[in-house]
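**Student:** So for the sequence shown, this note's numbering puts the first residue at 1; every next one is plus one.
Wrong hints could be hidden among the right ones.
Taking CB as the label site, the calculated pair distances span [as the list claims (entries may be wrong)]:
#1 Lys83 x Asn46: 40 to 48 angstroms
#2 Lys181 x Ala37: 54 to 62 angstroms
#3 Pro188 x Tyr45: 53 to 61 angstroms
#4 Val31 x Gln109: 38 to 46 angstroms
#5 Ser149 x Val41: 54 to 62 angstroms
#6 Arg68 x Ser194: 25 to 33 angstroms
#7 His120 x Arg183: 25 to 33 angstroms
No wet-lab data here; the hints were simulated from the structure. Even glycine gets a Cβ: it sits at the ideal position worked out from N, Cα and C.
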Amino acid sequence: MLSLRIALRYLFSRSRLHAVNYVTGVSTLAVAIVAMALVCVLSVYNGYVELILAGTELTDAELLVRARSGGVFDLSKYPQWPKLLRETGARSCVRLLYSKGLLRADERQWVVEVQGVDRHFGEVYTMEQQLFSGRALSSALRGYSSADSVLPITIGAGLPLLTDSTAGGAEPAEVTLLFPKRRGFINPLNPASSFSGMPVEVIGQYPPMSLETDHTIYVPLEGLQLLLDYERDELSALALRYPKGGPTSRPSASASQRDWGRS
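Just need the whole structure built from these sequences, with the hints factored in.
**Tutor:** Written out as structure tokens, the structure reads:
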């Protein structure tokens with residue numbers, strides 16, 4: 001208390017130049033400006049975080065099961081996976097296969113991320129209900145067969161195929177999806193023989209969500225496996241969704257992820 005009384009005495013004492021008061025006022029003003037700037041920065045940061053999280057809720061699964069190597073794994077080598085999913089309480093599961101491809105429309109072409117999905121895609125990813133135009137891929141998968149000659153796809157906002165084909169009554173472009181061949185003979189005198197491809201039909205387009213999603217196309221899993229010469233159980237990941245209010249970081253889920261690595 002003695003030190004506080006001395007400080008108050010010098011703070012309010014009337015000296016000739018009021019030096020203590022001037023220094024105190026400047027210091028208080030500096031601290032106030034820094035505090036207000038910090039509040040503004042944190043408010044903007046929190047707003048960006050909420051905006052980013054709101055976007056990832058649409059484009060990300062609650063839990064993604066992948067191989068440790070990050071490549072393709074054979075699901076048939078893990079016959080216990082349905083039991084493990086039940087133990088973790090997963091409500092829905094979608095099988096995924098990732099790749100890069102070349103999307104060609106007449107004289108234009110794009111290098112795109114390609115994601116093969118099965119008919120449960122809309123149950124795990126809520127972005128399926130946020131289409132900008134067209135119809136959802138899940139509806140097309142109900143009647144799709146790997147024997148079909150045309151592959152139905154949905155595209156991100158960064159690919160202007162659907163808007164260009166409908167603007168001004170223009171004829172839809174002939175769109176083809178190409179991949180480098182994984183197997184088989186390649187003729188060096190014919191570079192086109194190093195690619196496998198299939199005509200595609202753009203049935204829907206998503207609104208802007210993220211940089212990755214805007215340049216991704218979504219195709220039927222069976223069709224992508226056929227184009228890339230993968231077997232039915234060869235996948236890149238399993239995406240899971242849990243019931244509302246159900247924790248995804250429960251101990252049983254962590255234990256199940258460790259069990260996946262056992263062959």
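**Student:** For each hint, tell me whether it holds in the structure or not.
**Tutor:** Against the structure, the hints:
Range check, Lys83 to Asn46: about 41 angstroms between beta-carbon atoms, so the 40 to 48 angstroms window is met. At about 57 angstroms, the beta-carbon gap between Lys181 and Ala37 stays in the expected band of 54 to 62 angstroms. Range check, Pro188 to Tyr45: Cβ separation about 54 angstroms, and the 53 to 61 angstroms hint holds. At roughly 58 angstroms, the beta-carbon separation of Val31 and Gln109 lies outside the given 38 to 46 angstroms, and the hint is violated.
For Ser149 paired with Val41, a C-beta distance near 56 angstroms keeps the hint of 54 to 62 angstroms intact. A beta carbon spacing of about 31 angstroms between Arg68 and Ser194 agrees with the range 25 to 33 angstroms that was offered as a hint. Judged by the Cβ atoms, the range 25 to 33 angstroms given for His120 and Arg183 holds: they are separated by roughly 29 angstroms.
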